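Peer 1: Sequence:
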Amino acid sequence: MKRVMFYFSLIVIILLSFKPETLAKEAYKSMDNQECLIFDFNNSDETEDWRILNDGVMGGLSQSQIDYSDSNTAIFKGTVSLENNGGFASTRTIPRPYDLDGYNGILLRVKGDGRIYQLRLRTSDRLDGVSYRYPFATEADTWMKVSIPFHECVPVFRGRILEDVEPIRPEEIQQIGFLISNKQAGEFQLEIDWIKAYTQKQDNFNFP
-14 MKRVMFYFSL
-4 IVIILLSFKP
6 ETLAKEAYKS
16 MDNQECLIFD
26 FNNSDETEDW
36 RILNDGVMGG
46 LSQSQIDYSD
56 SNTAIFKGTV
66 SLENNGGFAS
76 TRTIPRPYDL
86 DGYNGILLRV
96 KGDGRIYQLR
106 LRTSDRLDGV
116 SYRYPFATEA
126 DTWMKVSIPF
136 HECVPVFRGR
146 ILEDVEPIRP
156 EEIQQIGFLI
166 SNKQAGEFQL
176 EIDWIKAYTQ
186 KQDNFNFP
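By my numbering, the letter at position 82 of the sequence shown is numbered 67, and the numbering carries on one by one without gaps.
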């Protein structure tokens, strides 16, 4: 009986040691672990991880750049030209392992110009080759959160959908990028607040 009372008292002491605020912090920590921050651009050095690749490699005349803003965001902007069989502009990260094993997709907070962009993911460090694309529409001058499940990213090569390529493996992702194409000629601008990976899907929505 004494042993039972001892263990009961021990359990009570342990429970009392967890104050409500402690329990709240533990719950928040658990929720926070559902996401992994990849880029938040709070440091201007982060934009140095990104490179530009436009249709000039095919003779096109499109131009683009990625800048760091005073609001701690990255801005991918430029002009898409359809001349000389061109028509696309893109930016992507320097190849490195992102260690996204166990995550189910990518979250973006972006502000666009009403055009359609693509998130591009690559599982190799090559300049060319297979990439996995996911198109998303933007609303002009409106912050949006975009949820991109990995299983909905389609393998493509130079714009052609590949049928005999296996789905993307998150643990093998080495490059993250954005692309604008599909004959959307003219000036464009996509502002990027942050990029995260998630384990539980969230609905897309606009920010006020």
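Just so you know, these hints were derived from the structure itself, not from any lab. A couple of the hints might just be wrong.
Heads up, simulated EDC-like pairs for lysine to aspartate or glutamate below, C-alpha to C-alpha not over 16 angstroms straight-line [what the hints assert, rightly or not]:
#	residue 1	residue 2
1	K130	E172
2	K181	D52
3	K96	E172
4	K96	E156
5	K96	D178
6	K62	E156
7	K181	E151
8	K130	D25
On a predicted model such as this, the values are computed, not experimentally measured, just so you know.
Peer 1: Against each hint, give a clear statement of whether it holds in the structure.
Peer 2: Structure-based check of all given hints:
1. K130 / E172: 23 angstroms, violated
2. K181 / D52: Violated, at roughly 20 angstroms.
3. K96 / E172: With Cα atoms ~15 angstroms apart, K96 and E172 stay inside 16 angstroms; holds.
4. K96 / E156: This hinted pair is violated, its Cα atoms lying about 28 angstroms apart.
5. K96 / D178: Distance of about 8 angstroms is within 16 angstroms: holds.
6. K62 / E156: Between K62 and E156 the Cα gap is close to 30 angstroms, so the pair fails against 16 angstroms, i.e. violated.
7. K181 / E151: It is violated: about 23 angstroms lies between the C-alpha atoms, which goes past 16 angstroms.
8. K130 / D25: 14 angstroms, holds
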